[in-house]
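Chains as they are written, first to last, in the working numbering: chain A, 383 to 492; chain B, 76 to 186.
Because the hints were derived from the structure by calculation, they are not lab data. Keep in mind that a hint or two might mislead.
Said to hold, decoys possible - Derived DSS-like pairs: lysine-lysine, alpha-carbon spacing no greater than 25 Å straight-line:
#1 B:K124 - B:K181
#2 A:K452 - A:K396
#3 B:K144 - A:K453
#4 A:K453 - A:K439
#5 B:K144 - B:K124
#6 A:K439 - A:K452
#7 B:K124 - A:K391
#8 A:K453 - A:K391
#9 B:K185 - A:K439
#10 B:K144 - B:K173
#11 B:K144 - B:K185
#12 B:K124 - A:K452
Unchecked claim - Sample of chain B residues facing chain A (criterion: CB under 7 Å; computed from the structure):
#13 Y114
#14 P115
#15 L119
Said to hold, decoys possible - Now the stretches of chain A that chain B is said to cover, found in silico as 3 or more residues with beta-carbon under 8 Å:
#16 426-440
#17 478-488
Beta carbons are placed, not taken as given, at the ideal position from N, Cα and C, and that holds for glycine.
Chain by chain, the residues:
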Amino acid sequence: NAGVTQTPKFRVLKTGQSMTLLCAQDMNHEYMYWYRQDPGMGLRLIHYSVGEGTTAKGEVPDGYNVSRLKKQNFLLGLESAAPSQTSVYFCASSYAGELFFGEGSRLTVL
Amino acid sequence: AQSVTQLDSQVPVFEEAPVELRCNYSSSVSVYLFWYVQYPNQGLQLLLKYLSGSTLVESINGFEAEFNKSQTSFHLRKPSVHISDTAEYFCAVVNFNKFYFGSGTKLNVKP
């Protein structure tokens, strides 16, 4: 049972480049989330989804887009990366009030 | 709006000493409260949660937290810490399926 899987785990981008982070869960959870973690700021919600085909903005959505075409996948896109988006990104799914996290994706934007 | 405040960014403590990690929340509605733990280079794992019922909740590894509605707090305690408890701890509140996290407290257990 893989749980929540994120790819890639590491990525270095140049300013202005685009990329997509993929999150996959095999627990059949309806709810999925993308967070970013920065030192001293905890986890901040970027976007979330309450089911296939639905997405919503979180606390810090600017500069990011998401899609949930399939229930098991939640994609996070950066159309034009900026140094301020250097962070560790965590995907999570939830069920019965509990979050299940992936291992994180470390993104560096130069 | 929901918010979670963890007043201590770092807590150093000696092994076998007691520890308390503080968490306060603000919410205009009923909340569910959580503590998550993050070991180095890993994702977050659920430590314990309060959904309803008894205000004192316990984890399998000796941590406990008490929901105090009047003080809007959910402090995490352990009577005797181990080196292996060294990690970062996050308090969280959920409302309408959105989870809000505090800024985290790094617990550093020294021998």
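Subject >> Violations among the numbered hints, reported as their numbers in ascending order >> reply: Hints 2, 3, 7, 9, 11, 12, 13, 14 not satisfied by this model.
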